[in-house]
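These are the residues of each chain, in order.
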Amino acid sequence: MRLRGAEALWRLFASVKTAIVILSSIALTAALGSSIPQENAIPVGVDPAAYYFTTYGSFGASMYHMGLTHMYTSSWFLSLLTALFASLTVCSWERIGPLVTSLRTAPVRRSRAYICAQPLSVRVARRADSELRLAAALRTHKYTLAAEGSALRGERGRSSRYGPYVIHIGLLVVIAGAFMRVLPGLYKDLDLVIPERATVKIPESPFSIRNNGFHISYYADGRARSYETNATLLVRGEQQGVYAIRVNHPLQAKGYSFYQESYLPREYDWALYRLTDHSSGASLGQVRLNLRHLQKNYPISGHGKVLIRAYYPDFQIVGDQVQSVDARPINPVLKIEYVPVGKRVGEANWLFVAFPHVQLLKRENVIAFTQVAVASGQTTVLRAHRDAGSPVVFIGLGISLVGLYLSFYRRHRLIYALAQDDSLYLCAVGHKYVYGLDRELSQVLKTAQLVQLQQGEENFHERDRIIQ
Amino acid sequence: MKGIELSSSQFLLSMAFAAYIVATVLYWIGTLNAERGLMGKASQRAATLCAMSGVAIHAVGLLMRGFSSGHAPVSDMYEFMGFWAFAIMLGLVLIERLYQSSTLGAFAAPTAVFVMAYANLFPHQAKPLIPALQSYWLYIHVTTAALGEGVLTVGFAAALLYLVRSASDPSQLFGGRLRALEYTLATALIAFVVVLSSAGMHALGITLLDWNAPLWLGGRSTGGVFGALVYCTFLIGCYAVWRVYSGRTLTGLVSPLVQQLRLRDLDELSYRSIAIGYPIFTLGAIVFAMLWAQEAWGSYWSWDPKETWALITWLYYTVYLHLRLSRGWQGNRAAWLAVSGFAVILFLLIGVNFLIVGLHAYALPGA
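Here the protein sequences come in this chain order: A and B.
Sequential numbering of the first sequence, starting at 1, is according to my numbering.
Sequential numbering of the second sequence, starting at 1, is according to my numbering.
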């Protein structure tokens, strides 16, 4: 019993129309996906469902639940890629064999009727050495010769015919390399969020990374100038080396690559302020503010207390409103009041932790606050990556590039010659191209010093007019 | 020294822009007079010479800008769009030489002028690179991709020329397709006028169109986009009025001027341009991009909108080649595909940067 279904499926995937449908579907799906922010682009460590709801509202939440936010790992998209793989395989399988056979067994001898019927054919006067001169000329112009009796064939650029199949094979290798990640152990990709001076271990590996410090510098216009992480790599707990990791300069170690992916804003841990009497210069004491865990008031023994009236962890002026944009102490600003012993009302003041030189000193204020010390840290986000499939992908791309060169920068052409009586009939045939063939043929004739007697349907003079 | 280099490079880039404009005018004169023998031929030859000198001057200007800024001159919108215009003119000059076509310039040169005028809308000053761009790949990936896109754009110009030529033949182009061609030409002309005049006003410091969005639209500063939209609407109105009162069409005006060209040659010209540009585009925009992404971010593909649209553009031209080579889509159908391909490239290079947020969004206006 013939498997009609399997045969029909095979024939479906062997058709170029199917391939075009698959390619177009991938393009359209990709276009849709590009208009919706994908899950791999949202901030690190945030829950996707919550993020889409808070950022884009219920529309965003429905996008997430429909799966449109992981378009490129969805089963629809992966099926398209599988279909592409199938199409590439079947199309090439069906066509390579017949192509090789037809190229290898192509006739050398062509009848006079065939030659004269070609758009580009000439008849030249034949002398004793004409055929030899023609053969020599063809060889000079890099044609491969084949002879059969009174017929001669010059062929050039046959490799260009294999070009499309080389491209297809290259693309198959690329897709295989990309899909290699499903095999266990061959792929690892994680973001490592490492606070300053902390160490993070990469699971299922002997590696740990310690963030010794993250440094970032800016240009005058506010754009980033450079940023890097000074990191220590530990292998099984033992220090292996200290490295600077920055964009375009990853750390490569034992099959793993560590990249500078991004960073979190600098956060302030605590600040130490000294209180001085503005007029006498005497120091009243110090107050240490833990910015992650502020107390309501801080007593200064013998003098009074500092009350925290308002705390903005991430102080920003939006429009004409003062507010805290983030809950993390990124730009901590405190509104305080110093109440001396015995008094009910004190002096109001503002502390800008990140800007110690900014001091608000009202005329009536007696006490000045000076920042003595501050502690902050910046968390770096590194990416640990290991993909045994990536060299495969790049090899596949290389193969495809070779195929592209063969297909588009080399052309397959043949020159047929038939000696009959006192004439030599020639024609030039190009595979899927016409322009430039006439120039080629006339150059060969010129090298062979053969004079044309008769011209084909599309003669040289007309082609000389060509495109204006 | 660096200051002198920068201002000299700026001078050369402006000279190149002027050369392209002069070349465009000469190409148009050449096409108009193509039937009148000598004047047409002389004009065409002058146009080619002008284009070649423009390309040479532009190349020197780019080199000087590169030296003075310390990085490849393709790091922001101003630099990249300028380089793309250079690639279009370079592609035009080379393909013109290969195929001895001098009418191709009548459509390709104004496209390059359009792109370069658009470039001039952005701030010119050379800025140092942000960390992600501090790599030798900037020289390799962005320039090769731009070269590929330039050659594909020449294919667009040839295809548009094909359609305009075939419009005179009712058996070739009729009904809906003829109307589509008319609207395509109208859109191209209006876009050309808007961008060129905006660039001119920008250069002369005229802030006539620097309107912000009105309050009922949010009242934000839109960098002149709102003013440009109003200007576009005005020009569309002018076009409509012209159509009604003159009873003519743009196609009707332009098509008779190119009747001496052969359809089959234009078809092959468009195909060959795309066939030459496609491998360069693949190499630059896909392969080199993947290599750089691997080195910079640790992953050769992250479905970033720019990457995704580069892939979409690649798939689009792959479909074009398959339809043409395996399904016999030649002539009109192939020409429409090539013309629409330019819209895809425009979205890839401009639309993605401004309409979609992603890794490549550092090329923002004013950035």
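These are computed hints drawn from the structure, not numbers from a lab.
Only a predicted model underlies this, so the values are computations on that prediction, with no experimental measurement involved.
Check the hints yourself; a few may be wrong.
What the hints assert, rightly or not - Derived DEER-like restraints, expressed as beta-carbon distance ranges:
| id | chain 1 | residue 1 | chain 2 | residue 2 | range |
| --- | --- | --- | --- | --- | --- |
| 1 | A | S75 | B | L263 | 18 to 26 Å |
| 2 | B | G200 | A | Y433 | 36 to 44 Å |
| 3 | B | S14 | A | L68 | 40 to 48 Å |
| 4 | A | V182 | B | G205 | 41 to 49 Å |
| 5 | B | I350 | A | A388 | 24 to 32 Å |
Think of the CB as a built atom: it goes at the ideal place given N, C-alpha and C, for glycine as much as any other residue.
Go through the numbered hints given earlier and state which of them the structure violates, listing their numbers in rising order.
1, 4, 5
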